[in-house]
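Just need the whole structure built from these sequences, with the hints factored in.
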Amino acid sequence: MDAWIWGAVVLAIVLVFAGGIAWWLARGCVLTMIGATGAVVGGVLSLIALVVLLDPDAGLRAAAVITVGSGVWLLAWALAGGIRGQRLLRAEERADAAAGVAPLVVPATATSDR
8 MDAWIWGAVV LAIVLVFAGG IAWWLARGCV LTMIGATGAV VGGVLSLIAL
58 VVLLDPDAGL RAAAVITVGS GVWLLAWALA GGIRGQRLLR AEERADAAAG
108 VAPLVVPATA TSDR
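Numbered by this note's numbering, the letters in the sequence shown go through residues 8 to 121 in order.
Hints are computed from structural coordinates only; laboratory data are not their basis. Treat the hints loosely; a few may be bogus.
Claimed, not checked - DEER-style ranges, computed between Cβ atoms:
no.: 1; residue 1: L95; residue 2: A71; range: 34 to 40 Å
no.: 2; residue 1: G107; residue 2: T44; range: 38 to 44 Å
no.: 3; residue 1: P63; residue 2: R101; range: 30 to 36 Å
no.: 4; residue 1: I55; residue 2: L96; range: 23 to 29 Å
no.: 5; residue 1: L61; residue 2: V17; range: 17 to 23 Å
Just so we're clear, the structure is a prediction, and the values are computed from it rather than from any experiment. C-beta atoms are modelled at their ideal positions from N, C-alpha and C, and glycine is treated no differently.
Set out below in structure tokens:
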């Protein structure tokens with residue numbers, strides 16, 4: 008049973024880190040930030056469930072449900088943020104094309120070393 012508890016603890020910690028990384032990569036996207044916040048809160052709640060519940064089986068069940076729910080929450084909101092970002096980028100490109108502004112193209116030979 009100890010291996011199961013340690014595995015659940017590791018998964019909860021990984022979920023907290025995944026939420027933190029998603030928050031860092033969101034760059035102001037509110038949808039992705041909502042998902043990241045839910046992942047961090049879910050990971051912490053999962054850890055609390057493992058510590059607070061006296062019955063290890065009940066703690067593992069609660070932690071599993073919370074971890075899976077938080078992971079799905081993060082995935083759904085991150086996908087929604089990505090889709091919204093693509094739509095905004097395409098709308099901006101269409102607006103630039105309609106205004107006659109040429110898109111910024113970086114030559115393939117350009118490097119940041121020079």
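| Of the numbered hints stated previously, which ones are contradicted by the structure, given in increasing order? | Numbers 3 and 4, in rising order.
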